Amino acid sequence: MTSLSQPAGTPAVTSPNGTEQEPNASPGHGHGSGHGNGPGHGHGAHADHTMTGFVIFLASESLIFLALFVGYAVFKSSAPLWLPPGVEGLEVRDPLINTVVLVSSSLVIWLAERALHRQRLGEFRAWWLLTMAMGTYFVVGQAIEWQHLPFGLASGVFGASFYLLTGFHGLHVVTGLALMALFLVRSLRPGLVLPEGKGVMAVSLFWHFVDVIWVVLFVLTYVWQRR
Amino acid sequence: MASSSSSPSFDPRVLKEPQLMPGSPGNWRRYFTFNTDAKVIGIQYIAVALLFLLVGGLLAMIMRGELITPPADLVDPTVYNGLYTLHGTVMLFLFLFPILNGFNNLLIPPMIGAPDMAFPRLNALAFWLFPVFGVILMASFLVPGGPSGSGWWAYPPLSTQNPLGHAINGQLLWILAVALSGISSIMGAVNFCTTILRMRAPGMGWFKMPIFCWTALAAQMIQLMGLPVLTAGAVMLLFDLSFGTSFFKPEGGGDPMLYQHFFWFYSHPAVYVMVLPIFGVFSELFPVYARKPLFGYHVVAIASFAITGLSLIVWVHHMFYSGTPQWMRNVFMVTTMLIAVPTGIKVFAWIATLWRGSIRLSTPMLFCLAGLFNFIFAGITGVMLATVPVDIHVGNTYFVVGHFHYVIFNTITFGVFAAIYHWFPKFTGRMYYEGLGKLHFVLTFIGSTLNFLPMHWAGLMGMPRRVASYDPEFASANVLASLGAFLLGVATIPFLLNIVSSLVRGPKAPPNPWNAIGLEWLLPSPPPAENFEDDVPTVISGPYGYGLGRPLVEDQERFEHRALEA
Amino acid sequence: MTSTGRRQPSPGPSLVLVAVGLGLDALASWTMARQAYHWLPVQASTAAPYVDNLFALETGIGTFILVGCSAVIAWTLLFNRAPKYDLDDGDPIEGNLTLEIIWTLIPLLVVLAIAWHTIGINQTLATLGGKQRLASAAPGATDSLPLSTGSLPRATDSTEIGPIQVIGRQWSWEFIYPNGVHSSELHLPVDRPIHFRLISMDVLHGFYIPAFRLKQDLIPGSVIDYRLTPSREGRYRLRDSMFSGAYFASNQTDVVVETGADFEAWLAAAERAPLRPSFNAASDLWQQRLAKGNRGWATVPPAPPPEVNVSLDPQNPHEA
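Chains as they are written, first to last, in the numbering used here: chain A, 13 to 239; chain B, 10 to 575; chain C, 345 to 664.
One or more hints might be untrue.
Said to hold, decoys possible - In silico DSSO-like links for lysine-lysine, alpha-carbon gap of 30 Å or less:
| id | chain 1 | residue 1 | chain 2 | residue 2 |
| --- | --- | --- | --- | --- |
| 1 | B | Lys517 | B | Lys447 |
| 2 | B | Lys447 | C | Lys428 |
| 3 | C | Lys428 | B | Lys517 |
Derived from the structure by calculation, the hints contain no laboratory data.
In this text, all values refer to a predicted model and were calculated from it rather than measured experimentally.
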C-alpha cells in the first residue's frame with residue numbers, strides 16, 4: 013500500500029496573546045519536519061495547503077449554484093404560470109455581449125498569471141487591470157439590464173428565481189473584483205505576490221469559476237426560454 | 010495558581026505556548042480570545058456547546074412538563090411551538106455540530122502527528138462565529154412575536170407567514186443563525202479535510218490512520234456537499250419571508266415541496282455528519298477498553314465512505330407521505346435500506362472487537378456499550394421507517410421522535426460523553442472521578458430509556474409529533490417519558506460536578522492513563538502547543554495493535570520517555 | 345489474523361450452545377412479532393393488515409438482531425472481563441474475511457428482500473389508497489369550491505363513493521360530499537372504496553387516520569387525489585399530522601365508519617340540516633387567549649370555523 017503521507021506542515025508560531033504571524037510571509041521559517049521520507053518543505057508546504065483548501069471550498073461553492081440551477085430548472089418546468097403577465101421573454105442581445113466580455117476576461121487573467129510567473133510585474137498589472145475593467149463592464153452591463161427589465165423580484169416565481177440567480181452570481185463577480193483589487197495593491201510590493209504567486213493563482217481560479225458559472229447560468233436563463 | 014516564589018512552579022515553555030497547563034498563570038484568559046491553537050479552539054467549542062446542551066435541555070424540561078398532562082396547560086401552545094423549535098435547533102446547531110467540531114480540533118492534529126490545523130486563523134474565525142449565531146438565535150426569544158415556531162424544519166408556507174408582519178422576527182433570526190452556522194461549518198470542513206489530506210505524519214498512509222480521522226473526513230465531506238444545498242434553500246426561504254418572493258408560495262407559482270427537497274438533501278446527510286464521528290469514537294474506544302485490535306479495521310474504514318456516498322441519495326424518505334410519486338418512494342426506500350449494510354458492518358465489527366477481549370468497564374466503555382446497544386435498536390426502527398407503508402403510518406408521529414432521539418441522544422450523545430471522559434485526561438492534564446462518571450452513566454441510561462422508549466408506542470398508536478396537547482389515551486406513555494426526561498436533567502449534575510471539580514483539583518494525568526495505542530498518547534497530558542513540534546514520529550504500524558507486540562512508531566520508547574519527562 | 349497459540353476448545357459444546365441460543369432468539373422474535381399487533385390501533389381499513397403484517401415482520405427480524413447482538417455482548421461482559429488489576433491484552437484478532445463477507449451479504453440480502461416485498465405491498469396499497477398530484481389551483485381561489493379539476497381521471501369502480509372534498513385549514517377540517525353536504529365530522533360507509541380530494545387553504549396539513557394506517561399531506565396549491573376503503577365500523581380519530589402552527593394539536597376530528605344504510609340516512613339528514621358554524625377547538629382556545637390579553641407568541645388567527653350541516657361533537661368517545 014503506497015504511503016500518501018507528507019511531512020507535517022509548517023507549525024504556526026503563536027505568541028502569548030494569541031496572535032499569529034503570517035505563515036507565508038516569513039521565508040525559511042519552517043524547518044523541515046518529519047524524519048524518514050520527505051524533504052523539509054518549509055513554507056512551500058503551507059502554500060500547497062492553501063490551494064488544496066481553496067479548491068475544496070470552490071467545489072463546495074459550486075454546489076450552491078448547482079442547487080440554485082436545479083431549483084430554477086424545476087420551477088421552469090413545473091410552474092403552471094412561469095412568465096409574469098405582460099412579459100414576453102428575456103432580451104438576449106446585451107446579455108450576450110456581456111457574456112462575451114466576461115468569458116474573454118478569463119483569457120486575459122490567464123495572460124496576467126503567465127506574466128507573473130515570468131516575473132514580469134508590469135505586464136502582470138496591465139493584464140490584471142484589464143481583467144478588472146472587463147469584469148466591471150460585465151457588472152455594470154448587468155445592472156443596466158436589471159434596470160430595464162419589466163418585472164421585479166416579487167413577480168412570481170420567475171422574477172424571484174431570475175434575480176436570485178443572477179444576483180448571487182453578480183455578488184461573486186463583485187467579490188472577484190474586490191479580490192483582484194486587493195492583489196493589484198499588493199503587487200505594488202513584490203514580496204507579497206512573488207515568488208509563487210499562490211494568492212494570484214487562487215483569485216484567478218475563482219475568476220474562471222465565476223465565468224463557468226455564468227456560462228451555465230446564461231444558457232439556463234437566456235438560451236432556454238419558456239414562453 | 011502561580012506560586013509567588015522566584016522559581017516558577019510551571020514549565021517555562023508555558024509562557025510562549027497558549028494552552029491549558031496545570032499551574033500556568035492566567036492561562037484561562039486565552040479561552041476568551043481569538044486564539045489560533047487548535048487545542049484552545051477545541052476546548053472553546055466544547056465548553057460553549059455544553060452550555061447550549063444545558064439550554065436545549067432546559068427547553069426540553071419545559072416541553073416535557075407541558076406534555077406530562079394531555080391538555081396544553083403549562084404554556085400557551087404558541088409558546089410550546091417556539092420551545093420545541095428552539096430545542097431542536099439549539100441541540101443540533103448549537104450543541105451537536107459544534108461539539109463534534111471541538112473534538113475534531115482536539116483530536117485530529119495529535120492523532121495524525123500534525124502541529125495544528127491547516128488554516129489556524131480560519132479555524133479561530135469558524136469558532137468565533139459560533140457565539141455570534143448562538144446569541145442571534147437566543148435573541149429571537151426577545152423579539153416581538155417570539156422565536157421561530159415552525160419547527161427546526163421551517164417548512165413554508167407556515168414559516169413564511171410572519172403573522173405580526175415585522176421585518177425583524179423570530180423566523181428571520183432563525184434563518185440568519187442557521188446560515189451563519191452553515192458558513193462556520195463549511196470553514197471547518199475545508200480546514201479538517203485539508204488537514205487530514207495533507208498533514209499526516211511520515212509513514213501514516215491511509216490505512217495507518219485512526220478510524221476517528223476516517224470518519225471525520227467522511228463526515229466533513231458530507232458537510233461540503235450538503236450545506237451548500239441547504240444554504241440555497243435557506244436563502245430562498247429568507248427571500249420569501251422578507252422580500253415578497255414566491256419560491257415556495259403557490260399563489261405566486263411556487264412549490265412548497267421544493268423547499269422540502271432542498272432541506273432534506275442536506276438534513277438527511279447531516280445526521281450522518283453527526284453519527285459518523287461517534288462511530289469513530291466507538292472504533293477508537295472499544296479497542297482500548299477491550300485491549301484488542303479493532304476487528305476488520307480496513308473494512309470499517311471503507312464503510313465510512315460507503316455511508317457518505319449512500320447518505321446523499323436517501324433524502325426523500327422524509328417525504329414519503331408528502332407529495333412524492335410512488336416510483337420515487339420505491340427508489341428511495343431501496344437506497345435507505347442499503348445504508349443499513351455499511352452501518353451493520355461497523356456494529357458487527359465492534360461486537361467482534363469485544364469478543365475474547367480483556368474488557369474493562371470504565372465510564373467511557375460503559376457509554377460506548379450502551380451507545381452500541383441503543384444504536385442497534387435505533388437502527389432497527391430506522392429500517393422500519395425506511396419501508397414506505399410503515400412510514401406512512403408512523404411518519405410525523407412520536408415513533409419518529411423516539412427513533413431519532415435514540416440515535417441523537419442514546420447513541421450520539423452517549424458517544425460524546427464517552428469521548429469527553431476518555432480524552433479528558435489527555436487534554437486537560439487531569440483525571441476525572443470515576444465514581445461520579447459511573448453515576449452519570451447509570452442515571453443517563455435509565456433516564457434516556459425511560460424518556461424515549463415509550464415514545465415508540467405512542468407513535469404506533471397514532472400520537473402525532475410536535476403537539477402541545479394530546480388525546481388522553483396517550484397519557485401513560487407521556488408520563489413515563491416526562492419522568493425519564495426529568496431524570497436526565499438530574500443526571501447532568503454529576504456530569505457537571507465531575508468536569509468542574511476534576512479540572513480544578515483532579516489528580517494529575519499521566520501521558521497514557523489508559524495504556525492506549527495512538528499518536529496522541531505519545532504526547533504529554535496536556536500536549537504542548539504544536540504537539541510533536543519538529544520531532545514528528547514516523548509511523549510504522551497500523552493502529553489498534555493490541556496484543557500484537559509491535560511498536561506504533563519508530564523509536565517509540567524515546568517518545569514515551571519524552572512525554573513522561575515533560 | 346490469528347489468535348494467540350491457545351489450545352482451541354472442541355467445537356461440539358459451542359455449536360450446541362449457539363444452536364440453543366439461536367433457537368431462543370427465534371422464539372423471542374416470534375413472540376415479539378405476535379406482540380407487535382397489540383401495539384397498534386384497531387385495524388379499520390383494508391390497508392391496515394398489510395401495514396401491520398409488515399411491521400410485525402420487521403419487529404420479528406429486529407428482535408432477532410437485537411437479542412442476538414445483545415446476547416453476544418452480554419457474553420463478552422460475563423466471560424471476557426479483565427480481572428481487577430490485570431493489564432494484559434485480549435486475543436489479538438485483527439479480522440476474519442469469512443465473517444466480514446457473511447455479515448455484509450446476509451444483511452444486504454435481508455434488506456433487499458424486505459424492500460422487494462415492500463414494493464409489492466406499495467403496489468397493492470396504491471390500489472387501495474392511490475394519489476396523484478395535480479396542477480395548482482388558480483391563485484386566490486379560496487372560496488370557489490369545488491375546484492375545477494378537469495384533468496382528474498374518472499372513477500373506474502362504480503361502487504366508489506366520492507369525490508369527497510377534504511378541506512384543511514388552520515385549524516379545522518371540512519368535508520364536502522358530492523351531494524353538497526358540508527360536515528366537520530367524516531362519515532364513511534364500510535367496505536366501499538372512498539375517493540377523496542385533499543385541498544389545503546393555507547399551509548401544509550396532514551390527513552392522518554391511525555386506525556386506517558394512512559396518511560397524506562395536504563399541499564397548498566395542489567389538489568391531491570386519494571383513495572381508501574374502510575373495513576370496520578366504529579368511530580376513529582382523524583388528526584392533522586403535518587405541523588401547521590399554533591393550534592395544530594387541536595386540529596382533530598372524528599371519522600365515523602358505518603353501514604351503508606346508516607351512511608345514507610346520515611347523508612339525507614345532513615342535507616336537510618341548516619348550515620351553522622362547526623365546533624372548533626382552535627377558535628375556542630383563541631378566544632380564551634384573547635380574553636386573557638393575547639399573551640403568547642405570534643400566530644395567525646384561526647380561520648373562521650367552517651359552516652357545516654353536521655358538526656363534530658367533541659364529547660363523543662373515539663376508539664382509536
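Taking the hints in turn, this is what the structure says about them:
no.	hint	in the structure
1	B:Lys517 - B:Lys447	20 Å, holds
2	B:Lys447 - C:Lys428	16 Å, holds
3	C:Lys428 - B:Lys517	22 Å, holds
Checked against the numbered hints given earlier, the structure satisfies every one of them.
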